[in-house]
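Here is what each chain is made of, one letter per residue.
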Amino acid sequence: MEKKNQENSQSKVLAFLGSDTFKGLLPFIGLVVIVVVMNILTEGKILTAKRLRLLLSQVYYPMIVATGVFFIMTLGSIDFTEGSTLGVASIVVSWLSFYSIPLAIVGGILTGAAIGALNGFFHVKFKLQSFIVTICTMYLFRGVCAYLTTETAIPASNTIKALDQDWLKITITVCVLLVAFFLFKFTRIGNDVKAVGSGETAARFSGVRTDMVKFLAFVCAGGLTGLAAFVNVIKVGSITSTAGNQLETQILISLVLGGLPITGGAKVRFSNIVVGTLMYTVLNNGLVMMGFESATQQLIKGIIFLIFVALTIDRKALKVIK
Amino acid sequence: MEKNILLRAEHIDKKFGITHAVNNVSLTIAAGEIRGLIGENGSGKSTFSQMLCGIYTIGGGTFTLDGKELHIRNQVEANNAGVSIIVQEMGTLSGLTVAENIFLGHEDPFVHHGIKDSRKMNQEAQRLLNEYGFTSIQASKMIDQYNFEDRKLIEIVKATYMKPKILIVDETTTALSQNGRLELYKIMDQVRADGRSVIFISHDLGEVLEHTDSVTILRDGEYIDTVQTKDVTEDDLKRLMVGREIGSAYYRTDYGTPISDEVVLKVDSVTVPGQIYNISFELHRGEILGFGGLSECGMHEVGKAVFGASWDRTGSVTLKDGTAINSIPTAIKHSVAYASKDRDNESIIINESIRNNVVLPSLDDLATNYVLSKKKLDSFANEHATRMQTKMQNVHQFISDLSGGNKQKVVLARWLGKGSDILVLDSPTRGIDVKVKQAIYALMGELKAEGKSIIMISEEIPELLGMSDRILIMKDGSINGEFMRRQDLTEEDLIAKMV
Amino acid sequence: MTKQLEKLKSSKYYGFMMLGAMVLFFYAVFKILTPGNFGSPANLYAYLQSSIIYSVGGCGLYFIVVMGLFDFAVGSNIVLSSIVGVILSKKFGYIGFVVGCLGCGTLIGILIGFLYNRLNVPSMIVTVGLMLIFESLAVFVAAGSKQTLDENLRFFSGAPGNIILAALAFLFMYFILNYTKIGTYCNAIGSNEFTAKNMGIDVKKYKLIGFALLHFFVGIMAILTVSYGTTMTALTGMSTMSRNFQPLMGTFFGVAFRKYGTPITAIIIGEFIISIIFNGFVALGAPTTIQNVVTGGALLVIVALTARGGKGSVVK
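Chains as they are written, first to last, in the working numbering: chain A, 11 to 332; chain C, 587 to 1085; chain V, 139 to 454.
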C-alpha cells in the first residue's frame, strides 16, 4: 500500500515535470538557481554594485536584438544574421556619426532593416527554410564586414562616444521592450505571429497574411539589430571585423534559456526575452569570474543549451522531427 | 462449387476517435476469387483493406490467411505474409529509381555480404516491367521522370511481382487511362487463374460487375451482404450500398420553399489546373447549395477557390457588389467564411487556445485604434463559443484537447462572430457524432432563415439530400448534374451522376 | 522533336552537359576579364586540388541532407578529428594519423546520431549545441597549443596523395550509393518518412548510419585539411561554423542533380565551380576577405534555384 502511494506521488511528480506549467516556470526557477549558485560559487562577488553595473552594461544590446529575434522565433523560424547585421550596421553608424547622431541612428536601423528585408524576401518568396537563408546571408555580411575593415578598424566620432551613459542605454532598451510588449500583447501583431507559429496553414485560412507577417518580422528584427548597433557603437567606439561575432548563438541560447520553445507558437511568453538575456549574462559572467577558461565556459553553455532545448521543446507541434 | 477458403476475416474492428470506421466485420474469400468491395465514402472499405495490409494497426478481430493468423506491423511484413496493396494515393517514393521503388524493403535477394547488386536489381526490375508489358518504363531511371499514370503502373508491378496470395486494388483505376485499366484487369485475371485472390475496391459499379466473381457491400463501417456478381444488377448494388432509411429527423423538413432571386455570389469559369475545370454557378441569398461527388472529384477545391485560397486559379469569383475575390483576406473582409474538410490543419490552429482561434479573423473589428483589449477578446470568444454550446473548461483551454465535434463548433463560432454572410462549409459533419451533427444542421437552418447563404460540400449523400436547396454533382473536376430540392429525389439519382 | 528533347532532358548526359556548361561559362567570364592571372592549366589544377577537400565533405553531407536533416557540427569535427589525428601521428606515424582522424570522426558521428534520436529535437538544433561542445573538446585535446603535422607525414598535402585519398572517398561514396541499401533508404526517408517506416525501414537506425557516414567523410576531410594547411588550431566561439558551408554548397549541387542520377559528379564539379568563382574574384584583385561574400551569395543563389518549397508548403 505504502509502495503504491509512493509510486503515485512519484508519477505525480513526473507528470508535473512534463507539464506546461513546469515548462513555463522553468526559466524563472533557472534564473534564481543560476543567480544563487553563481553567488555562492563566486563567494558573493557577483552581487556587488560594481559587478551588477558591469552585468547591466552587457545586457542592453543583446536584449534589444533578442526582442526582434523573439518575433522571428515565435513564427517558428530562426535567424542567424544578428551578429553580421550588427557588424555592418555598426560600421554604417560609425561612418554617419561624423555627420549627425540622429542620421547615424536612422542609418543603422535602415541598414539592419534592409538586411532583414533581404532575409525575409528569400525566405518568403522562394520558400526557403529561414535557417538556410540566414546562414547564407550571415556568411555574406560577415564577409562584407571583414571587407570593410580589411585595412583598419572603423572609428566612430567622439560625439557618439560621449553618449556612453547608462541612463541613455537603459532608456533605449526599456523603450524597445515596452513598445514590443505593447505590440505583442495589445495589437493583432502578437496574435498573427503566434498563429503563424502554431499553425501556418490554418492561420492563412483565417485571414492572416502569413507571407507579409513573416517578411515584416524579419525586417523588424533587422531594424532592431540596427538600433542595437547604435548602442554597441556608443560602447565600443570603433568597429573591427569581429564586431558582433557569435551574437546569433548568444541570442539563440538566451531565448532558449528563457524558455522559448524552439518550435515557436502559442506557448511563447514575452518574459522569455528578459529572463533569458539576464540568465545568459549572469551565467556568462559567473563562469568568467569563477576563472574558467573560454573552452570550459563554452562546454558548459553547450550542455545547458541542449538540456534546455530538450526540456522546453513542444514535440506535439512537430509531426516529423527533422 | 465449394472452394478452399483463402482469407478469413473475423470480427474486424477499428475506431478513429469517436468514428467507428469498421464495425465488427467478418467475411471469407475463396482461393481464385475476385471479390469486389463496395460502399459509399466512409463506409470503411479502405480502412478494412489497409488493416489487412499493415498500413493501419488492427483495432480488433483477426485475419487468417491460408490457415495462419496474421500479425502484421507494416507493409513489408504484409508482403512477406502474402498480402499486397495498390493504394489510392501515390504509393511510390520520389528520389529513388524505378527499380529501387519496386524492391523497396525487399532488397535482400540482391544483397550479398552487404553488397547490393544494382545491375542485377535493375535487370530483374526491367524483366518484370517487360513481362507486364510496360516496356516504355526503364528500371534504372529516377521515378520522378515518370507521370502519375506510369508511377501507378510501376506500383502495380511492385505490388504483384512477388505473387501475393491476396492482392488489394484500392480505387486504382480512377488514376488510369483505358489502356492502364486493361493492363490491371489482365493482372487480376492472372491472379485468379493462379488460384490466388483479389480484393477489388472501386466506385465504378459497371467495372465491379464486369470484373468480379462476388461483391461484398459495406455501409457505415458495417458488413451488409455478399452477393454473387452474376446474380445482381447495378441497381441491386446501389440499393444495397444506400439501403438505409434516411434519418430525416434532424434534417430540414420543408420542401418547395422558394429561393430568393438575389444572387450573392457568382462563380464564372473557374479553373484550377489539375483539380477543377470551368466551374460556373451562382449562389442565391438564403440558399443552401450542396456540392456532391466522389472524394477526388474536385468539389473540395471548389470551396477553396470560392474562398480565394486556391493556387493558380483562373476565372472569377464575384460578390453582389462586384468585389472580386482573389485572396483570403479579401474574402473574409467581404463576409465570406470557410470551414475546411481538413479541420486540424486548415481550419483550427491546433496548438492554440480556443479564444485565439475564435478571435483571429475578427481582430481588426475588435480593435479600437489598433489596440486590443484582453477583456473584450475574452468576452467575444466566450459569447460565440457559448452560443455554439462548445464543451470546454474556459476559452483559454487549448483546442487540441477538444473532440472533433467541439473543434468544429469553435470553427463555426469563429465565423458567427465575424458575422459572415456567405459560408463555405466543406464536410461540416465529418467525423462528428450525431448530437453535434444535429446542432450543426439546426444552425444551418437558422442561418438560412437569417438570409445567409451556405455552400455545403459533402461526401455524405443523405446530408446533401436532407439539407440542400439545390445540389450540384461533380465528376472529374467538372459539374456533371444539378438537382433542385425535391422530396422524391433519391440517393441513386445522385450516385448516377457521380460515377 | 519535343519528344527527343524530353528524352534528352531526362538522361544522365543532360546533367553532365549543364554542369559542363556552367564550368565553361564561369571560366570564360573570368578568363576574359583577367586573361593574365586566371585559368592557366596549372591554375586550374590548383583550383581542383583545393576544391576536392570540400567535395569529400559534400559527399558525406549528402546522406544527411537528402533525409531532410542538417548538421552544423561538421566544422567542429574537422578541427577535433584533425587534432586527434595529429596527436596520434606523433606516436604512431601514418597509422595513428589516419586512424585517429577517421576513428574520431566516425565516433563523433555516432554520438550525434545517438543524441539526435534520443533527445527528439531537430537535428539543426542538436548540432548547434554539439558544435559548441566539440569546439571546446578540441581545445582541451590540443591543450591550447597549435598542432603541427610532422614533415614526414605530409603525403596527403599535395598531389598525388590528396587526389588519391579524395578519389578513394568518392569511390566509397559511389559504392555506398549504388551497392548498398543505405543510399536507397536515405532517399526513401527523405521522400516520405511515414511511407518509409511502412515499408519496414528502421528510420532511426538509418538516420544514425547517415550521421556516422557523414562524419567518416568528415574524418577524411580532416586528414586532407590538416595536410593541406599543415597546422590546426582549436578555437572556440563558433569559429568552426564557416567550415560547414563549403561542403554544403557541393551537397546542394548533388541534391539538385540527383534526378539525373549523378550526385557525386555534381558535388565534385559544383565545388570546382565555386572554386573557379572565388579564384576568379581573387584574380580580379578582390581581397581574400571577399571570399565569404562570394560563398554566401553563391550558396544563397544555389539554394534559391534548387531547394525552394512548393506552393502552399509550410516552410519555417
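Don't read these hints as lab results, they were simulated from the structure.
Misleading hints may appear alongside valid ones.
Below, computed lysine to any residue pairings styled on SDA-like, alpha-carbon distance capped at 20 Å [claimed, not checked]:
{"no.": "1", "chain 1": "V", "residue 1": "K343", "chain 2": "C", "residue 2": "W897"}
{"no.": "2", "chain 1": "C", "residue 1": "K727", "chain 2": "V", "residue 2": "I314"}
{"no.": "3", "chain 1": "C", "residue 1": "K727", "chain 2": "V", "residue 2": "K454"}
{"no.": "4", "chain 1": "V", "residue 1": "K335", "chain 2": "C", "residue 2": "T643"}
{"no.": "5", "chain 1": "C", "residue 1": "K977", "chain 2": "C", "residue 2": "D987"}
{"no.": "6", "chain 1": "C", "residue 1": "K960", "chain 2": "A", "residue 2": "K55"}
{"no.": "7", "chain 1": "C", "residue 1": "K816", "chain 2": "C", "residue 2": "D790"}
{"no.": "8", "chain 1": "A", "residue 1": "K135", "chain 2": "V", "residue 2": "K397"}
{"no.": "9", "chain 1": "A", "residue 1": "K135", "chain 2": "V", "residue 2": "T368"}
{"no.": "10", "chain 1": "V", "residue 1": "K397", "chain 2": "C", "residue 2": "E735"}
{"no.": "11", "chain 1": "A", "residue 1": "K55", "chain 2": "A", "residue 2": "D324"}
{"no.": "12", "chain 1": "A", "residue 1": "K135", "chain 2": "V", "residue 2": "Y317"}
{"no.": "13", "chain 1": "V", "residue 1": "K343", "chain 2": "C", "residue 2": "E663"}
{"no.": "14", "chain 1": "C", "residue 1": "K816", "chain 2": "C", "residue 2": "T614"}
{"no.": "15", "chain 1": "C", "residue 1": "K654", "chain 2": "C", "residue 2": "N666"}
{"no.": "16", "chain 1": "V", "residue 1": "K335", "chain 2": "C", "residue 2": "L952"}
{"no.": "17", "chain 1": "C", "residue 1": "K706", "chain 2": "V", "residue 2": "F313"}
{"no.": "18", "chain 1": "V", "residue 1": "K335", "chain 2": "C", "residue 2": "W897"}
{"no.": "19", "chain 1": "C", "residue 1": "K727", "chain 2": "V", "residue 2": "G399"}
{"no.": "20", "chain 1": "V", "residue 1": "K335", "chain 2": "C", "residue 2": "S680"}
{"no.": "21", "chain 1": "A", "residue 1": "K135", "chain 2": "V", "residue 2": "A442"}
{"no.": "22", "chain 1": "C", "residue 1": "K919", "chain 2": "A", "residue 2": "E53"}
{"no.": "23", "chain 1": "C", "residue 1": "K727", "chain 2": "V", "residue 2": "F313"}
{"no.": "24", "chain 1": "A", "residue 1": "K135", "chain 2": "C", "residue 2": "N660"}
{"no.": "25", "chain 1": "A", "residue 1": "K171", "chain 2": "A", "residue 2": "T291"}
{"no.": "26", "chain 1": "V", "residue 1": "K228", "chain 2": "V", "residue 2": "T368"}
{"no.": "27", "chain 1": "V", "residue 1": "K454", "chain 2": "A", "residue 2": "F225"}
{"no.": "28", "chain 1": "C", "residue 1": "K727", "chain 2": "V", "residue 2": "Y317"}
{"no.": "29", "chain 1": "V", "residue 1": "K342", "chain 2": "C", "residue 2": "K962"}
{"no.": "30", "chain 1": "V", "residue 1": "K454", "chain 2": "A", "residue 2": "D324"}
{"no.": "31", "chain 1": "V", "residue 1": "K343", "chain 2": "C", "residue 2": "H699"}
{"no.": "32", "chain 1": "A", "residue 1": "K135", "chain 2": "V", "residue 2": "N258"}
{"no.": "33", "chain 1": "A", "residue 1": "K137", "chain 2": "V", "residue 2": "T368"}
{"no.": "34", "chain 1": "V", "residue 1": "K342", "chain 2": "C", "residue 2": "L952"}
{"no.": "35", "chain 1": "A", "residue 1": "K135", "chain 2": "V", "residue 2": "F154"}
{"no.": "36", "chain 1": "A", "residue 1": "K195", "chain 2": "C", "residue 2": "L952"}
{"no.": "37", "chain 1": "V", "residue 1": "K342", "chain 2": "C", "residue 2": "E735"}
{"no.": "38", "chain 1": "C", "residue 1": "K962", "chain 2": "A", "residue 2": "D324"}
{"no.": "39", "chain 1": "C", "residue 1": "K706", "chain 2": "V", "residue 2": "L443"}
{"no.": "40", "chain 1": "V", "residue 1": "K397", "chain 2": "V", "residue 2": "K454"}
The hints, checked one at a time:
1. V:K343 <-> C:W897: violated (38 Å)
2. C:K727 <-> V:I314: holds (18 Å)
3. C:K727 <-> V:K454: violated (32 Å)
4. V:K335 <-> C:T643: holds (13 Å)
5. C:K977 <-> C:D987: holds (11 Å)
6. C:K960 <-> A:K55: violated (43 Å)
7. C:K816 <-> C:D790: holds (17 Å)
8. A:K135 <-> V:K397: violated (24 Å)
9. A:K135 <-> V:T368: Roughly 44 Å between the alpha carbons, so the hint for K135 (chain A) and T368 (chain V) is violated.
10. V:K397 <-> C:E735: holds (19 Å)
11. A:K55 <-> A:D324: Not OK: K55 (chain A) and D324 (chain A) at ~37 Å, beyond 20 Å, violated.
12. A:K135 <-> V:Y317: At roughly 39 Å apart (the allowed maximum being 20 Å), Y317 (chain V) and K135 (chain A) break the hint.
13. V:K343 <-> C:E663: holds (18 Å)
14. C:K816 <-> C:T614: Holds, at roughly 18 Å.
15. C:K654 <-> C:N666: Judged against 20 Å, a Cα distance of about 13 Å means the pair holds.
16. V:K335 <-> C:L952: Judged against 20 Å, a Cα distance of about 47 Å means the pair is violated.
17. C:K706 <-> V:F313: Distance ~15 Å between K706 (chain C) and F313 (chain V) Cα, so the pair holds.
18. V:K335 <-> C:W897: Distance of about 31 Å is beyond 20 Å: violated.
19. C:K727 <-> V:G399: holds (8 Å)
20. V:K335 <-> C:S680: holds (15 Å)
21. A:K135 <-> V:A442: Within the cut-off at roughly 9 Å; holds.
22. C:K919 <-> A:E53: Answer violated: K919 (chain C) to E53 (chain A) is near 62 Å, above 20 Å.
23. C:K727 <-> V:F313: holds (18 Å)
24. A:K135 <-> C:N660: violated (39 Å)
25. A:K171 <-> A:T291: violated (24 Å)
26. V:K228 <-> V:T368: holds (14 Å)
27. V:K454 <-> A:F225: Since the Cα atoms of K454 (chain V) and F225 (chain A) sit roughly 12 Å apart, the hinted pair holds (cutoff 20 Å).
28. C:K727 <-> V:Y317: Between K727 (chain C) and Y317 (chain V) the Cα gap is close to 16 Å, so the pair holds against 20 Å.
29. V:K342 <-> C:K962: violated (48 Å)
30. V:K454 <-> A:D324: Holds - the C-alpha atoms of D324 (chain A) and K454 (chain V) are around 15 Å apart, at most 20 Å.
31. V:K343 <-> C:H699: It holds: about 19 Å lies between the C-alpha atoms, which stays within 20 Å.
32. A:K135 <-> V:N258: Judged against 20 Å, a Cα distance of about 30 Å means the pair is violated.
33. A:K137 <-> V:T368: Measuring from Cα to Cα gives roughly 41 Å; hence the hint is violated.
34. V:K342 <-> C:L952: violated (48 Å)
35. A:K135 <-> V:F154: Violated, at roughly 29 Å.
36. A:K195 <-> C:L952: holds (14 Å)
37. V:K342 <-> C:E735: Violated. K342 (chain V) to E735 (chain C) sits at ~32 Å, over the 20 Å cutoff.
38. C:K962 <-> A:D324: Not satisfied, since the Cα-Cα distance of roughly 29 Å exceeds 20 Å.
39. C:K706 <-> V:L443: violated (35 Å)
40. V:K397 <-> V:K454: Judged against 20 Å, a Cα distance of about 25 Å means the pair is violated.
Checked against the numbered hints above, the structure violates hints 1, 3, 6, 8, 9, 11, 12, 16, 18, 22, 24, 25, 29, 32, 33, 34, 35, 37, 38, 39, 40; every other hint is satisfied.
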